[in-house]
Amino acid sequence: MSADQPPEDIPRRNGELVFDAPWESRAFGLAAAYLEASGRDWTTFRTQLMAAIADLPDTTPYYEAWVVALDRLLVADGLAVPSS
Amino acid sequence: MSDSHGHHPKPKTPTEQRVEAIEALLVERGLITSDVVDAIVETYERDVGPMNGARVVARAWVDPEYRARLLDDGTTAVGELGFGGAEGEHLVVLENTEDVHNVVVCTLCSCYPWPVLGLPPQWYKSSAYRSRMVREPRAVLDEFGTSVSDDIELRVWDSSAEVRYMVLPLAPDDVSGRSEDELAGLVTRDHMIGVVR
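Chains F and D supply the protein sequences, listed in that same order.
Here my numbering is used: the first residue of the first sequence is 1, the next is one more, and so on.
Here my numbering is used: the first residue of the second sequence is 1, the next is one more, and so on.
If you are wondering where the hints come from, they were derived from the structure by calculation, not from laboratory data.
Hints should not be assumed to be uniformly reliable.
Computed footprint of chain D on chain F, listed as stretches where at least three residues anywhere in the stretch have a Cβ under 8 Å from a Cβ of chain D [stated by the list, open to error]: (1) 28–42; (2) 46–56; (3) 60–67.
What follows is a list of derived Cβ distance ranges for each label pair [unchecked claim]: (4) F:Ser-83 <-> D:Arg-138: 40 to 50 Å; (5) D:Glu-95 <-> F:Ser-83: 49 to 59 Å; (6) D:Thr-97 <-> F:Gly-78: 48 to 58 Å; (7) D:Thr-33 <-> F:Asp-20: 20 to 30 Å; (8) F:Trp-42 <-> D:Glu-98: 30 to 40 Å; (9) D:Thr-97 <-> F:Ala-76: 36 to 46 Å.
Positions of the beta carbon are idealized from the N, C-alpha and C atoms, including for glycine.
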């Protein structure tokens, strides 16, 4: 559809490389693990993700919005992540 | 996942640093372990993907009773084939017919039926797809090389709520002469999103 379409020919059992960089897969896995550990489903995170996507410029890469959403969720849970 | 020990000269971006800080905090608080994160990532990179949905479609093509159950209650029917979990709790399967074509979008983020399709492709999450598929679906389908003639009703489904959608594409004419494996091999992710008919 457009230039941002990832290469389709990298062999993967699921037909496509779903993450473009290791930090993206990490961000995904961290959200999943945290939700699981805190006994909640993805709805909790989804709400933050929708808000982050709406707040950030349209050009923001998807997983950057994801990290902002995760950060906000942690802050809402009283877990302030120290800035590096 | 091992540390890089400084072998990579490329400086980390603020986002990469943020991800590391989040992981360090959650591990330190005893909320998660890095092994659990590794396992989750590996599952979604290797084991969950559109090959699951393709099996569901192939079964529905060869077994009318399964097809009826699938259209009636997607979550339970895909569960019969061993597929389920996060983002598959309210799965609705949309049947393409000679007169109707279905296509799925998430206008607000990236909602997608993970157990049957895996994680969504990049374009599905792009603001262009999210906004244009609702506004000018035929034009977007054209860009995917999919021409849906005017006498076919085009239904665009927004999966931003709790429900997750998967499209059941039209079966090929010669279903009866083919094995289920062979049929599953014909089904792509794009068929099941509906950007290909």
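A quick look at each hint next to the structure:
Given a C-beta distance limit of less than 8 Å, the hint that chain D covers the stretch 28–42 of chain F holds, as 11 residues qualify and 3 suffice. Using a Cβ-Cβ cut-off of 8 Å, 5 residues of the stretch 46–56 of chain F lie near chain D, which meets the minimum of three, so the contact claim holds. With 4 residues having a Cβ less than 8 Å from any Cβ of chain D, the stretch 60–67 of chain F passes the three-residue criterion, so the hint holds. A beta carbon spacing of about 47 Å between Ser-83 of chain F and Arg-138 of chain D agrees with the range 40 to 50 Å that was offered as a hint.
Range check, Glu-95 of chain D to Ser-83 of chain F: about 50 Å between beta-carbon atoms, so the 49 to 59 Å window is met. Judged by the Cβ atoms, the range 48 to 58 Å given for Thr-97 of chain D and Gly-78 of chain F holds: they are separated by roughly 51 Å. Between Thr-33 of chain D and Asp-20 of chain F the Cβ separation comes to about 25 Å, which falls inside the hinted range of 20 to 30 Å. For Trp-42 of chain F and Glu-98 of chain D, the hinted distance range of 30 to 40 Å is satisfied, since their beta carbons lie about 36 Å from each other.
The hinted range of 36 to 46 Å is satisfied by Thr-97 of chain D and Ala-76 of chain F, whose Cβ atoms lie roughly 45 Å apart.
The structure fails none of the hints (numbered hints given earlier).
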